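Q: Note that the protein sequences, when read in sequence, are chains A and B. When we follow the numbering used here, the leftmost residue of the first sequence carries the number 14, and every step to the right adds one. When we follow the numbering used here, the leftmost residue of the second sequence carries the number 2, and every step to the right adds one.
Errors might be hidden in some of the hints.
To be verified - Here are the simulated EDC-like pairs of lysine to aspartate or glutamate, each with C-alpha atoms no more than 20 Å apart in a straight line: (1) A:K245 x B:E94; (2) B:K332 x B:D291; (3) A:K201 x B:D126; (4) A:K207 x B:E94; (5) B:K533 x B:E586; (6) A:K64 x A:E112; (7) B:K441 x B:E499; (8) A:K64 x A:E89; (9) A:K216 x A:E190; (10) A:K216 x B:E301; (11) A:K201 x B:E91; (12) A:K207 x B:E133; (13) B:K38 x A:D33; (14) A:K117 x A:E180; (15) B:K42 x A:E247; (16) B:K42 x A:E269; (17) B:K391 x B:D497; (18) B:K480 x B:E430; (19) A:K207 x B:D130; (20) B:K251 x A:E257; (21) A:K207 x B:D126; (22) B:K129 x A:E257.
What the hints assert, rightly or not - Here are a few chain A residues that face chain B, going by a calculated C-beta distance under 10 Å: (23) L200; (24) V203; (25) L211; (26) I215; (27) L217; (28) N219; (29) D221; (30) A244; (31) K245; (32) F246; (33) L248; (34) D250; (35) A252; (36) S258; (37) P260; (38) S266.
Hints are computed from structural coordinates only; laboratory data are not their basis. Predicted, not measured: the structure shown is a model, and the values here were computed from it. Glycine included, C-beta positions come from ideal geometry on N, C-alpha and C.
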Amino acid sequence: MNFIIGAFKPACNVSITFSDGKSRKQVPLKNENGQTVTVPLFQSQETIAGKISVEPVSGKKVEHNGIKVELLGQIEMYFDRGNFYDFTSLVRELDVPGEIYERKTYPFEFSSVEMPYETYNGANVRLRYVLKVTVSRGYAGSIVEHQNFVVRNYTPPPSINNSIKMEVGIEDCLHIEFEYNKGKYHLKDVIVGKIYFLLVRIKLKNMDLEIRRRESTGSGANTHVETETLAKFELMDGAPVRGESIPIRLFLSPYELTPTYRNINNKFSVKYYLNLVLVDEEDRRYFKQQEITMYRLQETS
Amino acid sequence: MMAGVAEDEEKWLSAGITGLQQNAFYMHRALDSNNLKDALKYSAQMLSELRTSRLSPHKYYELYMRAFDELRKLEMFFKEETNRGCSIVELYELVQHAGNILPRLYLLCTVGSVYIRSKEAPAKDVLKDLIEMCRGIQHPVRGLFLRSYLSQVSRDKLPDIGSEYEGDADTAMDAVEFVLQNFTEMNKLWVRMQHQGPARDKEKREKERSELRDLVGKNLHVLGQIEGVDLDMYRETVLPRVLEQVVNCKDEIAQYYLMDCVIQVFPDEYHLQTLETLLGACPQLQPSVDIKTVLAGLMERLSNYAASSAEVLPTFFQVEAFAKLNIAIGKVIEAQDDMPIYGAVTLYASLLTFTLHVHPDRLDYVDQILGACVKKLSGKGKLNDSKATKQIVALLSAPLEKYKDIDTALKLSNYPHVMEYLDNGTNKEMSNVIIQSIMKNRTCISTAEKVEALFELIKGLIKDIDENLQDELDEEDFKEEQNSVARLIQMLYTDDTEEMMKIIHTVRKHILTGGPKRLPFTVPPFAFSALKLVRRLQSQNENVSGEEVAATPKDIFQILMQTIEALSSVPAPELALRLYLQCAEAANDCDLEPVAYEFFTQAYILYEEEISDSKAQVTSIHLIIGTLQRMHAFGVENRDTLTHKATGYSSKLLKKPDQCRAVYACSHLFWLDEHNDMKDGERVMLCLKRALRIANAAQQMANATRGSSGSVVLFIEILNKYLYFYEKGGVADYR
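With these hints in hand, go ahead and build the complete structure from the sequences.
A: As structure tokens, this is what we get:
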């Protein structure tokens, strides 16, 4: 068709298909260049199997030094972009060195793969899973094909899930008592609670509940912390008086949250906080931050 | 400065409206294309305009109403959306994703309304959730409007008995609970407004608050319309809860308005049955609350209720409405130390009106009220507060109007005491009212005792109450009021002559205290009233002769003599003279010659000593002649004396024509048609001749002074007389 372009085309097309590709759930994923693609979703201990077909461009033969498929779990720190740290690496050799003249299909299978970490796209760090097919060639350079997929791991509801209850205040100025019904929330959960005003001597204007994500990367002296406010939810409008109690009901589903990640491979952590902010008429802010644990609950649908 | 503020406000309002309309436009587009996500987004943005703090309640209302209209469309859309299979529960969650609380809650209420209508959840639960969530708005104006919106969208969806949203056994209670809670919260917000912002804006804030009061009051209207609120529930739950809120909020404006609302909204029979509770709240209100208007309103309602049907009256007795009201008023007056006098009097006046409606037969109640009023007024001296005075007049007039009978008022022992607290002017006015009432109803005051009481009442008119305080009443008014007293005297009448005699004594006693200015007005009616009795006695004597009567004409004439004498101190000699002559004539009819003679003597003395004006003399002499002519009781001697005197006076008049006329009039004194022994033609002729002489002299005088022969009128007049007597046969023989 277009020979000039055709000249730079790789010598063969490599495609990866999953054996349960039709039935497996697909989720959107943002790739390196900012585009969103849909990719299959797996969880730890699942078997990842499928077929890889290598098809030489019409009429050409492809010489190779062997074909392999790798399953990689990688962490990329953005300060060190392009440098991937593999925390998981599995390899299946598909073919011994030889020549391919026509379309050839190889089945592959990684059974019960341990994938302890979830796919994550953060502010300073990215964790991804990828299937990498390499057609090794000596002089012409290897032909490499990637297939991303997403891993999400589900946690059963915690057996102990205490509410968060606390009385805070500024002496003779403001005393409040707040309560969140749980300490651990799943991603589609609802935060229910209330704020009880024990003493109000300042003229408040409003009160918000914020969900903040704290992502810390690196370790020791090189720790880098990035905090994002994912949600700003107004709880109260106007100035309450002593004795008022203000309800909280915040649905988490509209926000793009992830489970709490603690010390992922010694590379990073992601934690969530509820930040209760009271603003007075002079725009002074009074706040109290509380960590909550996020977890992913198996969706029943 | 103020104009600037108003201008700015106008600007903010129009900016708000623009923003609202813009987002409403996008919202409509989203609705048309069934785009739920966009619809929610733009409706939330639209509602964000309501987050403004810059508008006064009045302007905010304008903005709110526009948003309200748009929300109706959105509600329709939600309804269609659920028909299309969208889960209402999901929708209910979806709108709660909005980040700003005010738009979120407006949307929640809107979806909540659809939710209830879908009946996927009990109305009670949805309402409970909505009202709970609304706590998030603590800003008074925004909170009031939001809750008012909630009340508006929910009022046809309450789980009331008989409603399609009716729930389990306690369903009406759920509905009541919801409305009560909304009411309580709204009232709190409303009261809180008073305490926010700088103190110097107090007046402005109060104005703004009164603009918002109907939002709060609407809840009570809703409560009043809940079918499930029966008397028991009203007594046990609704009223105590409402009153608790009213009392505890300790806010003057709220307490006044809400008490009034309670009274207006709930049915009369409920009020009647819960009077104690309702009234019990009154003394607990802030001292500055205008409680009298509230209570007056209540009593007016109850009065009207009582008047509406006789069937309800037994209930009033049963619940002892009067006693309760009376006690409550006492307590309120006690509790509100600085209540102005007029406030207290207004309360009593209302209670009185109520009593007159409900217990028209219980005069003791009326007297009790007046007594309480006196107690309140005592020690304060005369009132100078015009409002209070007005109320007292109303208080005193009410029984008069009701009973249309002064008798009743006279039985009220406290009535005159209350009157004493009026200033002189009003006192007179009130007395006038009393007199007019008597006149209008043509009531006869028929016992001396009542007359005594009546005069006690109207003593302001009868005598100068305070010698030092000569009021600058103008002559006209004074005449007016004394004329009415004169009319009143005519109304003091009974058929019982004995009693009538007593009345006359009493009247006399009182009018003699009136002083020179009043006597000319009061003596004549008194005299005539007494003469009337004389004539009655006279006719009685003819019928039942021989019986011993207590009152004799003689006594009366004695009294009259003394009374008329008093006129000489005025002095009013002409009037006295006329009255003497009247009496003389009456005495003549009774054949009491000495008495008649005495009266004539008095008249002559007056003529001689007091009447010096020549015109008055002319009039008087003609009166004397006229009266004397009709006298038949006199013996020849007495008559001669008197006629002689009369002719003597006649010829001594100043002007010749007057002399002439008086003299020829005297001729009649010698010629009484019906008495043959009194036809003395000779003396008639003598008189006429004398008259002729005087006429001649008059003409000569006229000739001498003016050079003309003067008038012949006198001659013609004399000729007339000649002709008269000629016809009668009196002069023919001596011609």
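Q: Each hint: holds or not?
A: Hints, one by one, checked against the model:
1. For the hint pairing A:K245 with B:E94, the CA-to-CA distance comes to about 17 Å; that is within 20 Å, so the pair holds.
2. Distance restraint check for B:K332 and B:D291: the Cα-Cα separation of roughly 15 Å lies within the 20 Å cut-off, and the hinted pair is therefore satisfied.
3. Straight-line distance between C-alpha atoms of A:K201 and B:D126 comes to about 23 Å, which puts the hinted pair past the 20 Å bound.
4. Distance hint between A:K207 and B:E94 is fulfilled; the C-alpha atoms sit about 18 Å from each other, no more than 20 Å.
5. Between the alpha carbons of B:K533 and B:E586 the distance comes to roughly 12 Å, so the proposed pair stays at or under 20 Å and holds.
6. Note on A:K64 and A:E112: the hinted pairing holds, with a Cα-Cα distance of about 19 Å set against a maximum of 20 Å.
7. Between B:K441 and B:E499 the alpha-carbon distance is near 27 Å, which puts this suggested pair outside the 20 Å criterion.
8. Among the hinted pairs, A:K64 with A:E89 is inconsistent with the structure: their alpha-carbon atoms are about 28 Å apart, more than 20 Å.
9. Restraint check for A:K216 and A:E190: the C-alpha separation of about 18 Å stays at or below 20 Å, so the hint holds.
10. Annotation: proposed proximity of A:K216 to B:E301 is violated, straight-line Cα distance about 45 Å (limit 20 Å).
11. Between A:K201 and B:E91 the CA atoms are separated by roughly 13 Å; this keeps the pair inside 20 Å, and the hint holds.
12. The straight-line distance between the Cα atoms of A:K207 and B:E133 is roughly 11 Å, inside the 20 Å bound, and the hint therefore holds.
13. Of the pairs offered as hints, the one joining B:K38 and A:D33 is violated, with about 34 Å between alpha carbons and a cut-off of 20 Å exceeded.
14. As the CA atoms of A:K117 and A:E180 are separated by approximately 68 Å, the hinted pair breaks the 20 Å bound.
15. A C-alpha spacing of about 16 Å is found between B:K42 and A:E247, which places the hinted pair at or below 20 Å, so the restraint holds.
16. Proximity of B:K42 to A:E269 is assessed by CA-CA distance (about 18 Å); at most 20 Å being required, the pair is judged to hold.
17. With a CA separation close to 39 Å, the supplied pair B:K391 and B:D497 exceeds the 20 Å bound.
18. For a cut-off of 20 Å, the pair hint linking B:K480 to B:E430 stands: about 14 Å separates their Cα positions.
19. Distance restraint check for A:K207 and B:D130: the Cα-Cα separation of roughly 14 Å lies within the 20 Å cut-off, and the hinted pair is therefore satisfied.
20. Pair hint B:K251 plus A:E257 holds up; C-alpha atoms about 18 Å apart against a cutoff of 20 Å.
21. With a CA separation close to 19 Å, the supplied pair A:K207 and B:D126 stays within the 20 Å bound.
22. Distance hint between B:K129 and A:E257 is fulfilled; the C-alpha atoms sit about 17 Å from each other, no more than 20 Å.
23. Interface restraint check for A:L200: the shortest CB-CB distance to chain B comes to about 15 Å, outside 10 Å, so the restraint is violated.
24. The beta carbon of A:V203 comes within 8 Å of a beta carbon in chain B, closer than 10 Å, and the hint placing it at the interface holds.
25. Taking 10 Å as the C-beta cut-off, the interface hint given for A:L211 is violated, the closest approach to chain B being about 15 Å.
26. Hint on A:I215 is violated. Least Cβ distance to chain B is approximately 13 Å, over the 10 Å limit.
27. At its closest, the beta carbon of A:L217 sits 8 Å from a beta carbon of chain B; the interface hint therefore holds under the 10 Å criterion.
28. At a threshold of 10 Å, the smallest CB-CB gap from A:N219 to chain B is about 8 Å, leaving the interface hint in force.
29. Because the beta carbon of A:D221 sits about 9 Å from the nearest beta carbon in chain B, less than 10 Å, this interface hint is met.
30. Because the closest C-beta pair between A:A244 and chain B is about 8 Å apart, less than 10 Å, the hint holds.
31. Taken as an interface hint, A:K245 checks out: its beta carbon lies about 6 Å from the nearest beta carbon of chain B, inside 10 Å.
32. Restraint check, A:F246 versus chain B: the minimum CB separation of about 6 Å is within 10 Å; hint holds.
33. Hint status for A:L248: holds, given a least beta-carbon distance of 6 Å to chain B, under 10 Å.
34. The beta carbon of A:D250 comes within 5 Å of a beta carbon in chain B, closer than 10 Å, and the hint placing it at the interface holds.
35. A distance limit of 10 Å between C-beta atoms decides the matter here; for A:A252 the minimum to chain B is near 6 Å, and the interface restraint holds.
36. Interface restraint check: A:S258 against chain B, minimum CB-CB distance 7 Å, threshold 10 Å, status holds.
37. Annotation: A:P260 was flagged as interfacial toward chain B, and the flag holds, the nearest CB pair being 6 Å apart, inside 10 Å.
38. The restraint placing A:S266 at the interface with chain B holds, with a minimum CB-CB distance near 8 Å, inside the 10 Å limit.
Hints 3, 7, 8, 10, 13, 14, 17, 23, 25 and 26, counting from the list given before, are not met by this structure.
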